[in-house]
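Peer 1: Sequence:
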Amino acid sequence: MTTPDPTPLSPLPTLPTHLVELILTWVPHLSEDHVPIYSVLNVLPQAIVPSVYASLVVNDLYLASGREPAVKSALVSLFADPALDGQAKTLLKHMRNTLSMTYLLDPIMFAITKAGNMKMFEHVMTLVDMDEICAESLLHHAARFGRLDVLKWWRKHGYSLGDLTRDAIEAAATAGHVAVLKWWHALAPPVELDFTDSSIVLDMVDNGQLAALKWFKASMDPALFVFTDEHWVLASERGHDAILTFAKSSRIALPDSSCVECIDKAAANGHVCVLDWWYKNVGRNKSLAYTVDAMDLASAGGHVHVLDWFSKSGLELRFTPAAVRLARAQGHNHVVQWWSQCRLYTSMAADFKMPLNALTKPETDFVMLCAFGFFDVLANTKMAAQPRSTLHRALDVACREGQVSILQLLGPRCDMSSHPNPVRLQQIAVEYNQPAALQWCLRNAVRGRRFSVGGWVPHIMSALKRGHIDVLEVLLAGDFLDWEQYGDKYVKAASSGGHVRSLEFLNVSVAATEKWDCDTIAFAFAAGAENGHVSVLNWLLQNGCDLSDTDIDWDWTVQIDKASASGHVGVLKWWSENGLDVSYTERALWGAIKNQHAPVIQWWIDSGLVVGEHMLEMLQSAIDSHENVR
60 MTTPDPTPLS PLPTLPTHLV ELILTWVPHL SEDHVPIYSV LNVLPQAIVP
110 SVYASLVVND LYLASGREPA VKSALVSLFA DPALDGQAKT LLKHMRNTLS
160 MTYLLDPIMF AITKAGNMKM FEHVMTLVDM DEICAESLLH HAARFGRLDV
210 LKWWRKHGYS LGDLTRDAIE AAATAGHVAV LKWWHALAPP VELDFTDSSI
260 VLDMVDNGQL AALKWFKASM DPALFVFTDE HWVLASERGH DAILTFAKSS
310 RIALPDSSCV ECIDKAAANG HVCVLDWWYK NVGRNKSLAY TVDAMDLASA
360 GGHVHVLDWF SKSGLELRFT PAAVRLARAQ GHNHVVQWWS QCRLYTSMAA
410 DFKMPLNALT KPETDFVMLC AFGFFDVLAN TKMAAQPRST LHRALDVACR
460 EGQVSILQLL GPRCDMSSHP NPVRLQQIAV EYNQPAALQW CLRNAVRGRR
510 FSVGGWVPHI MSALKRGHID VLEVLLAGDF LDWEQYGDKY VKAASSGGHV
560 RSLEFLNVSV AATEKWDCDT IAFAFAAGAE NGHVSVLNWL LQNGCDLSDT
610 DIDWDWTVQI DKASASGHVG VLKWWSENGL DVSYTERALW GAIKNQHAPV
660 IQWWIDSGLV VGEHMLEMLQ SAIDSHENVR
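With my numbering applied, the sequence shown closes on residue 689, and no number is skipped along the way.
Honestly, the hints are just simulated from the structure, not real lab data. Do not rely on the hints blindly, as some may be mistaken.
What the hints assert, rightly or not - Taking lysine to aspartate or glutamate pairs in the EDC-like style, the calculated list, with each CA pair at most 20 angstroms apart, reads:
no., residue 1, residue 2
1, Lys524, Asp474
2, Lys551, Glu589
3, Lys632, Asp614
4, Lys574, Glu589
5, Lys307, Asp262
6, Lys178, Asp165
7, Lys215, Asp253
8, Lys241, Asp288
9, Lys178, Asp222
10, Lys215, Asp190
11, Lys148, Asp165
12, Lys653, Asp640
13, Lys307, Glu289
14, Lys211, Asp256
15, Lys241, Asp208
16, Lys632, Asp665
17, Lys215, Glu229
18, Lys339, Asp262
19, Lys273, Glu229
20, Lys241, Asp253
21, Lys241, Glu289
22, Lys152, Asp140
23, Lys551, Glu645
What the hints assert, rightly or not - Okay, the calculated beta carbon distance ranges per label pair:
no., residue 1, residue 2, range
24, Ser607, Val567, 18 to 28 angstroms
25, Thr304, Asp529, 44 to 54 angstroms
26, Gly537, Lys339, 25 to 35 angstroms
27, Pro658, Ser607, 25 to 35 angstroms
28, Thr405, Ser680, 50 to 60 angstroms
29, Lys152, Asp208, 18 to 28 angstroms
30, Asn637, Pro517, 12 to 22 angstroms
31, Gly514, Thr405, 52 to 62 angstroms
32, Val567, Asp315, 27 to 37 angstroms
33, Pro248, Ala270, 41 to 51 angstroms
34, Glu563, Cys193, 38 to 48 angstroms
35, His393, Glu181, 17 to 27 angstroms
36, Asp315, Asp188, 32 to 42 angstroms
Note that beta-carbon positions come from the ideal geometry of N, C-alpha and C, so glycine has one too.
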């Protein structure tokens, strides 16, 4: 939608920062049947702007547009600053006639309660009838955000606590609001709540709320304090070593089989403090158990300090080629450098014969050997001694790494029908572009345990998006591609990934572009434009896909908006240079400004497409601000 040129004398409105932030909450999301907010501000007297804004707030919440989290966040910012109470009251004044509606009043009470603005809370109470308040919701907000003052106010004014629910107290515990827990527990008469099947202990562990956990154990029925292997794993995964110490001091038995998962997840998330804790409490004899996932996922997360910990621990090092591959893919060059200096990794990657342990001990992780394809070593081991779960895990890893010789070795020794997810093997081969492994999986698939043509669609799309042509050739030979039914999905995936080789594969081996219908062509251009792939747009034109075809009825505004918001100035240039229609929308402009894409903003200024004195002033101001920050 193009904004009309405003009256030359109309002043650019100057609004409080918080009000501007609130306005920006809605601007990028306006649908076509709404009046663009910035245009409203350009042409309306500032005196009525609060009324317009209040109407938009009401309208947006009424439509349940999915923007409630952003709306609430902006309102919390407004209510949290006591200096802006006057503006907040003005907003509520304009909304007063609609505050009786629960869908609007509840978000307002949520924002005020979270902001902790007791004066504004009491002010709202003078604007509404108490029977319009959803007591259960209000009490839940107060407990969740630790607003003991609101809870006490409610009781002091004689209102019932009958709507105080278990969910509310669970929310208080999860957030660590011990004062609220103590207040509830001391109520007379008591508000009885049943926590028999509650996840409250797990939630406190998840959030590291040690004080709340201690209170719950000391104050509640001992039968309610249940601490299982799941709790040990979660505390380790989240890095809450203090909770591990508390559990052990409470004489809770350490987990047995789940200890491996504790180490793996702590390492994956970089929690050396937890690794130290488990080493101290379990692994002093160097028997601490873990899998290749620990070092692989630590590498993927860039946690070189975890790698150092394992290297210095005296434990057997366990990893796969994925450690370096994942680190490189995530740009963790310091991790890649660490592995390049690890003698054990370099020797295994090069298939040199040397002791397979940092301490030159004879034992070596079975899955690790499979991942590196040490066929001769494995062939001489007692594979029958390996538990079935280890064999299945080894199959997964060998498939991922393309170690077909290992698959052939393990296959006869594994009951494929007992694999927890045999179809997953095929998926792994496609995901990691291992055509030979995929062929092995398809040949050895248990009858009825392979993907249907429809089941292959998301995996084919992923391969097209990544440019994994090798496995696509295998799937094509197996007749797993159905162009008639899924052609538009295939093309969209290839275009969104920016892999011209995937488009070439579809064009040459599946369906030539002259057979693509108008919708398929439109999907291709849209996906390429949204994701900034000018090479895809050029390929489509060069291969006979005509975007100007009159049969293509497509509104390209969304693609221009997304390209602008994502900083794809090359797409905007391409679109214009090829004589295609480019119409600016406020969503496009605000997206570029919000994300600080200076080249895109400058392109819009230079394009001559932006109409409106204040629109241009806004863009230039954004450029100036960007230059000053830089």
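Peer 1: Does each hint fit the structure? Answer for all of them.
Peer 2: For each hint, the structure was consulted:
Of the pairs offered as hints, the one joining Lys524 and Asp474 is violated, with about 34 angstroms between alpha carbons and a cut-off of 20 angstroms exceeded. At roughly 11 angstroms between alpha-carbon atoms, Lys551 and Glu589 fall within 20 angstroms of each other, so this suggested pair holds. Note on Lys632 and Asp614: the hinted pairing holds, with a Cα-Cα distance of about 18 angstroms set against a maximum of 20 angstroms. For the hint pairing Lys574 with Glu589, the CA-to-CA distance comes to about 24 angstroms; that exceeds 20 angstroms, so the pair is violated.
For the hint pairing Lys307 with Asp262, the CA-to-CA distance comes to about 19 angstroms; that is within 20 angstroms, so the pair holds. Our distance criterion of 20 angstroms between C-alpha atoms is met by Lys178 and Asp165, whose separation comes to about 17 angstroms. Proximity of Lys215 to Asp253 is assessed by CA-CA distance (about 25 angstroms); at most 20 angstroms being required, the pair is judged violated. Between Lys241 and Asp288, the direct Cα distance comes to roughly 28 angstroms. Violation of the 20 angstroms bound is thereby established for this hinted pair.
About 23 angstroms separates the Cα atoms of Lys178 and Asp222, which puts this hinted pair outside 20 angstroms; it is violated. For the hint pairing Lys215 with Asp190, the CA-to-CA distance comes to about 17 angstroms; that is within 20 angstroms, so the pair holds. Of the pairs offered as hints, the one joining Lys148 and Asp165 holds, with about 17 angstroms between alpha carbons and a cut-off of 20 angstroms not exceeded. Proximity of Lys653 to Asp640 is assessed by CA-CA distance (about 24 angstroms); at most 20 angstroms being required, the pair is judged violated.
Pair hint Lys307 plus Glu289 holds up; C-alpha atoms about 15 angstroms apart against a cutoff of 20 angstroms. Between Lys211 and Asp256 the alpha-carbon distance is near 28 angstroms, which puts this suggested pair outside the 20 angstroms criterion. Restraint check: the Cα-Cα separation between Lys241 and Asp208 comes to about 14 angstroms, which is no more than 20 angstroms; the hinted pair holds. The suggested pairing of Lys632 with Asp665 holds, with an alpha-carbon distance near 11 angstroms, which does not exceed 20 angstroms.
With a C-alpha separation of about 23 angstroms, the suggested pairing of Lys215 with Glu229 is violated against the 20 angstroms cut-off. Proposed proximity of Lys339 and Asp262 is contradicted: the alpha carbons are some 26 angstroms apart, above 20 angstroms. A hinted pair counts as satisfied when its Cα atoms are at most 20 angstroms apart, and Lys273 with Glu229 qualifies at roughly 15 angstroms. Annotation: proposed proximity of Lys241 to Asp253 holds, straight-line Cα distance about 16 angstroms (limit 20 angstroms).
Of the pairs offered as hints, the one joining Lys241 and Glu289 is violated, with about 27 angstroms between alpha carbons and a cut-off of 20 angstroms exceeded. Distance hint between Lys152 and Asp140 is fulfilled; the C-alpha atoms sit about 18 angstroms from each other, no more than 20 angstroms. Proposed proximity of Lys551 and Glu645 is contradicted: the alpha carbons are some 27 angstroms apart, above 20 angstroms. For Ser607 and Val567, the Cβ-Cβ distance of about 25 angstroms falls inside the hinted range of 18 to 28 angstroms, so the restraint holds.
The hinted range of 44 to 54 angstroms is satisfied by Thr304 and Asp529, whose Cβ atoms lie roughly 50 angstroms apart. At about 53 angstroms, the beta-carbon gap between Gly537 and Lys339 misses the expected band of 25 to 35 angstroms. At about 27 angstroms, the beta-carbon gap between Pro658 and Ser607 stays in the expected band of 25 to 35 angstroms. The given range of 50 to 60 angstroms is respected by Thr405 and Ser680, whose C-beta atoms sit roughly 55 angstroms from each other.
Separated by about 24 angstroms at the C-beta atoms, Lys152 and Asp208 satisfy the suggested range of 18 to 28 angstroms. Separation of Asn637 from Pro517 is about 32 angstroms and departs from the stated range, judged on CB atoms against 12 to 22 angstroms. Checked against the hint of 52 to 62 angstroms, the pair Gly514 and Thr405 fails, with Cβ atoms roughly 40 angstroms apart. At about 56 angstroms, the CB distance of Val567 to Asp315 disagrees with the hint of 27 to 37 angstroms.
Remark: the range hint 41 to 51 angstroms for Pro248 to Ala270 is contradicted by a beta-carbon distance near 27 angstroms. Range check, Glu563 to Cys193: about 59 angstroms between beta-carbon atoms, so the 38 to 48 angstroms window is missed. His393 and Glu181 have their C-beta atoms about 54 angstroms apart, which leaves the hinted 17 to 27 angstroms range violated. The beta-carbon spacing between Asp315 and Asp188, approximately 59 angstroms, falls outside the hinted interval of 32 to 42 angstroms.
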